[in-house]
Amino acid sequence: MLIEALVPAASSYAKDIDFVWELVFWFVAFWFILSEGIFFYFIMKFRKKNSPKAEYISGEEKHQKKWITYPHIAVLICDVFIVVAAVKVWYDVKQDMPPTDRTVRVMSSQWAWTFTHPGPDGKLDTADDIIKNDELHVEVDQLYHYELHSRDVLHDFSVPVFRLKQDAIPGRTIMGWFTPTLTGEFDIQCAEICGIGHGLMGARIFIESKEQHESWMAKNNPRGENLLLASNEGR
Amino acid sequence: MKRIGLWQYVLRVLCGTGLALLVFSNTANAEENERGKQLFEMCSQCHGLQGEGMALSLAPSIAGLELWSLEAQLRKFRDGARGVHHEDIAGMRMRPMSMWLKTDEDLVAVANYVASLPAVTSEATIEGGDATKGKALYGLCQSCHGANGEGLQPLNAPKLTNHTDWYLKTQIYNFKTGIRGSNPKDTTGALMRPMAMALANDQAINDVISYIMTLSK
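For the protein sequence lines, the chains are R and Z, in the order given.
Under the numbering used here, the first sequence has 102 at position 102, and the numbering climbs by one with no breaks.
Under the numbering used here, the second sequence has 419 at position 184, and the numbering climbs by one with no breaks.
If we strip away everything but chain R, and leave its shape as in the complex, we get (with noise of 0.2 Å):
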């Protein structure tokens, strides 16, 4: 709730990434008005007007240690919580990797995105591939495969509104999945430094309805197919 206010989400993940997040975000919210109120509550109930001159403790007796035992125990406890929950999510997000027979080709290389897009025979390394520098087209609620390379350096590609990233690294293939649940436009960017024109690394990802992503594999068949129903489209 409090991430999508800002940024959409659009991956069927997205929300359950956004829990974790604020899973976290409540508990940290909790402990820290906890401690300040109590810290401000002693500031004020001993301040010196009031009170004998401080004395240096140990800590060493039980009734000091509880105030560290006690909240510490209480803050393993939400840890609990917060690890089930984010191991559960990395699971399906990392290390399972649903069947589809959708996957497009992601290149990163300084400073820009290469997209290979399955063309209509669904396959890529095909003579229908469509290759399209910094923009990435994808039907709304199909699963997709990416298969991530990078040319030269590091990069990481980054998609907000699917709350994916992942590093892209010279000389691996690295597979990953997402799929789309909010068709619109939205950014793309590398989230690692990797050179002077990393600011400038953006794309955009275009997740369009089964007629549109149609419509637009037509007027981008490289084979020329279709190019007569594009153009008439255009009129």
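FYI, nobody ran anything at the bench for these hints, they're computed from the structure.
A quick note: this is a predicted structure, and the numbers were derived from the prediction, not measured.
DSBU-like cross-link-like pairs, simulated, lysine-lysine; straight-line CA separation at most 35 Å: (1) K132(R) with K210(R); (2) K94(R) with K219(R); (3) K411(Z) with K132(R); (4) K132(R) with K404(Z); (5) K337(Z) with K132(R); (6) K420(Z) with K123(R); (7) K132(R) with K420(Z).
Could you slot chain Z onto chain R? The hints should help.
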């Protein structure tokens, strides 16, 4: 007090105005040059402090190129006419850099500064080229780029001297394969495509570049 005639008065006003304009234009030029120098700091990260180029960064020498050509190429990068093909690795680096130049004034200022840098003669890095054969092949190039590679602005043909040879080779290859010059926005680049096609193979490209490199000396 001595009275002056009308013509003498007009003459004095004109001289005063001229002097003021001269001072103003010099100040404006100095400011533009300072702005260009400031902007060039970004370029120098890849192109070198003197615009001498750095092969490792795929950045060619740019020092002392013609102002009109520098401006034209910066506009092409900025407007997406160049550097948008997915195989143009160096061009894709240059495109975001050109987008730093938010205004036409900035673009002109940095182009002016680069044009004012002393031209650099680079060492040859391509081996196996025959400059004598290259001279014959250059016959086609010279109709636009000039007999001495000096360039011809009315034909949008930049000078070919003081370039790094690996850059010339990459660009000829890019024109041949459509990596450059096939974008509908790049109308002047499109003219170079059939010219590059005339160089039948790698040897012919090496030969003509070997000849062009002799023109820089």
